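Please model the complete structure; the sequences and the hints are all you need to start from.
If you read the protein sequences in the order shown, they are chains A and B. Per the working numbering, the first sequence starts with residue 1, numbered consecutively. Per the working numbering, the second sequence starts with residue 423, numbered consecutively.
To be clear, the hints were calculated from the coordinates, so they are not data collected in a lab. A quick note: this is a predicted structure, and the numbers were derived from the prediction, not measured. Please note that a few of the clues may not be correct.
Only part of the chain B face toward chain A is listed, based on derived beta-carbon distances under 8 Å [said to hold, decoys possible]:
id, residue
1, 439
2, 440
3, 441
4, 442
5, 461
6, 463
7, 472
8, 475
9, 476
10, 477
11, 481
12, 482
13, 483
14, 485
15, 486
16, 551
The following residues of chain A were derived to be distant from chain B, with all beta-carbon distances above 12 Å [stated by the list, open to error]:
id, residue
17, 117
18, 180
19, 211
20, 219
21, 254
22, 318
For glycine and all other residues, C-beta sits at the position ideal for the given N, C-alpha and C.
The primary structure of each chain is shown beneath.
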Amino acid sequence: MTARNAIALGIVVALVAAGAFLVWASAPSLDPVDPPTHASFAPDVVERGARLAALGDCIVCHTAVGGAAYAGGRPLETPFGVLYGTNITPAPERGIGRWSEAAFVRAMRAGLDREGRHLYPAFPYDHFRLIGDDDLHALYAYIMTREPVDAAPPPNRLRFPFNVRPLVAVWKALYLDRGRVERDGARDAAWQRGAYLVAGVAHCGACHTPRNRLGAEELDRAYEGGEAEGWDAPALTRAFARPWQPDDLQRYLRGALPHEHGGAAGPMAPVTRDLAQAADADVQAIVAYVGALRKDTGAAAQPPAGATASEAGRALYEGACAACHEGGGDAGGALDLANSSLAALPSPRNLFRVILHGLAPQQGERGPWMPAFAGAFSDAETIELAQYVRGRFAHLAPWSDPSAILREVTRTPDERAVSGGP
Amino acid sequence: MIKLHVNGRDHDVDADPATPLLYVLRNDLGLNGAKFGCGLGQCGACTVLVEREPVFSCLVPISAVAGRPVRTIEGLGTIEDPGPVQRAFIAEQAAQCGYCIAGMVMRAQALLEHNPAPSAADTRRYMSPNLCRCGTHMRILRAVERAAQSRQAGDTKTASSGR
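Below, the structure is given as C-alpha cells:
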C-alpha cells in the first residue's frame with residue numbers, strides 16, 4: 001500500500017467513524033405544540049411546582065442580573081468557558097413555549113432540547129433525572145404559566161472542543177446515570193424525603209461535590225466540598241467552626257443570619273433566598289438529610305503547637321476588622337469570626353473573596369454586608385491578615401501557598417459585590 | 423515609628439500600627455478633610471486614596487499604608503485654588519451639610535483617574551459605597567459628570583464657571 005493510499009484509507013475511516021458517532025449521538029426532534037394555556041393546569045399543581053422550583057433554584061441560572069425572570073442570559077463561568085442560562089419562559093419562539101411535557105421531561109432527564117440537541121451538563125440533569133414524574137409535571141405546570149419573554153441569551157463562549165455539542169453524548173454515556181437517591185429503611189420519613197430532594201431537584205452535589213477534569217461529580221467523594229463560581233462550596237461531611245444544629249441550619253437555609261454561623265454568601269446567597277420560598281417541611285427534610293451527612297466527631301481543633309500570632313497580622317486585624325467584628329451592637333451584629341467557616345476551610349479562597357470584594361446583598365434585599373478591602377492592603381498584607389484570622393479563630397496552622405489563590409480571587413471580582421473598592 | 427507618605431510629604435508617626443489611618447490624618451497630621459462618619463466602613467465620609475484606589479480610612483490601619491502614597495482632599499487643591507473635581511462640586515452646589523463631600527470628591531477623583539469618560543451607570547455603580555444623608559446624590563452625580571467633561575475638554579477652568 002502506498003503512503004497516498006494509506007492516507008486516503010485513513011481519511012475514509014475517520015469520516016465513517018465521525019458519521020457513526022454523529023448517528024450515535026443524535027436524538028430525535030419532538031413535535032412542537034401550541035403553548036399550553038394557564039387553564040390547562042390546576043392551581044394547586046402550579047403552586048407545588050413553584051415550591052419545587054424554589055428548591056431547585058431554577059431562577060438563578062436562568063435569569064440575568066436585573067433581567068426578566070426565567071428569560072435567561074446569566075453568564076456561568078466554567079472551566080470550559082462561559083455558558084449563558086437559557087430562556088425557559090413559555091415564549092413560543094425564543095423560550096420553551098412550544099415544548100410538550102414529554103419534551104420538558106426529556107430535557108430534565110436526558111439533557112436534550114426539544115429539537116434533540118444535547119444540553120450542557122451545567123444544567124444539572126444528572127440530578128434532575130431523579131425527580132419523580134408527579135414533581136416533573138408540577139414543575140412543567142409552573143414553568144409554562146410564567147410570563148413569556150421573547151428574548152434570546154448571548155451565544156455561549158466555550159473553548160474547543162467543548163463547543164462541539166455532540167460530544168456531550170460522550171459525557172452522558174460516561175456519567176449521566178450514576179446518581180441514586182440514597183435509601184435507608186432505618187431512617188425516618190424526613191430523612192427519606194431529604195435524600196430524594198438533595199439528590200434530585202435541590203442538586204446540592206452540583207456545587208458541594210468535587211468534580212473531575214471533565215466536570216463530572218466524583219460520587220465516591222460526594223459532598224466532600226466542591227467549587228462554584230470562584231467560591232469554595234464547603235464539605236457537608238464535616239463541621240467547620242461550630243457544628244450546625246438543625247434549627248440553625250433550617251434558618252440559614254431559609255435566608256436568615258444565625259449569629260452562631262453567619263449568613264450565606266457567594267453563590268449560596270441566592271440559594272437561601274429561594275429556599276425561603278420553598279415548603280417548610282421540605283427544607284426540614286433537607287436539614288435532616290444534610291445533618292446526617294457529617295462523618296466527623298465535631299471536636300474543636302486544637303491550637304497548633306508553637307503557633308504564634310504575627311504582630312503585623314494583629315495590627316491589620318485590630319485596625320480593619322475589630323471595629324465591626326468585635327464591636328457588638330454598634331456594628332449591626334457583624335459575625336464573630338470564631339463562628340465562621342471562613343477561617344477553618346481547607347483553602348483561603350472564600351476568606352480572600354470576602355476581604356477583597358466585600359459582601360453586598362442584592363439591591364432591595366437583606367443579607368450580610370461588608371466593605372471591600374481591595375486596594376487597602378497589599379497582597380502580602382492580605383495574606384498576613386488571613387493567616388492571622390485562621391490562627392486566632394480556627395486555631396489551625398497557616399494555609400500553605402495562598403498566593404496563587406489570592407491572585408485568582410483578585411482577578412475575578414464577584415458580580416454581586418459592589419464594585420469600586422472600599 | 424511608621425513612615426506615612428501623604429499628599430507628597432513624608433511623616434514619621436509614633437502610634438500603634440493598628441491605629442486607623444483616619445485618626446492619624448486628623449489627630450496627628452491635622453488633615454481634617456476626611457471625616458469620621460460611622461467608623462464601620464459603611465458611609466464613606468472617611469474615603470481617601472491609597473495609590474490609585476479609594477479606601478475607607480476609618481478601617482485601614484496605618485501599618486497597611488506605610489510607605490504607600492496616600493492622597494486626601496487637601497492634596498487636590500486649596501480654598502484659593504480648588505482642583506477640577508472640587509470646582510465641579512462647587513459649580514453644582516453638590517454639598518448640603520458637606521460632611522460626606524470630602525469622601526465623595528475623593529471617590530470621584532479615583533473614578534475619573536480610572537475611567538475619564540464614565541457612563542451614568544458607571545458613575546452610579548462606582549460612587550455607590552458613599553452615602554449622603556442630606557440626599558444630594560443627584561447633584562453629586564452631576565458634579566462628577568461636569569468634572570469628567572471638563573477633564574475631557576482639557577480645560578481645567580471650565581469647571582469653575584459656577585464659582
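Hints and how they fare:
no.: 1; hint: 439; result: 4 Å, holds
no.: 2; hint: 440; result: 4 Å, holds
no.: 3; hint: 441; result: 7 Å, holds
no.: 4; hint: 442; result: 6 Å, holds
no.: 5; hint: 461; result: 6 Å, holds
no.: 6; hint: 463; result: 4 Å, holds
no.: 7; hint: 472; result: 6 Å, holds
no.: 8; hint: 475; result: 3 Å, holds
no.: 9; hint: 476; result: 5 Å, holds
no.: 10; hint: 477; result: 4 Å, holds
no.: 11; hint: 481; result: 5 Å, holds
no.: 12; hint: 482; result: 5 Å, holds
no.: 13; hint: 483; result: 2 Å, holds
no.: 14; hint: 485; result: 4 Å, holds
no.: 15; hint: 486; result: 5 Å, holds
no.: 16; hint: 551; result: 6 Å, holds
no.: 17; hint: 117; result: 35 Å, holds
no.: 18; hint: 180; result: 46 Å, holds
no.: 19; hint: 211; result: 33 Å, holds
no.: 20; hint: 219; result: 42 Å, holds
no.: 21; hint: 254; result: 26 Å, holds
no.: 22; hint: 318; result: 4 Å, violated
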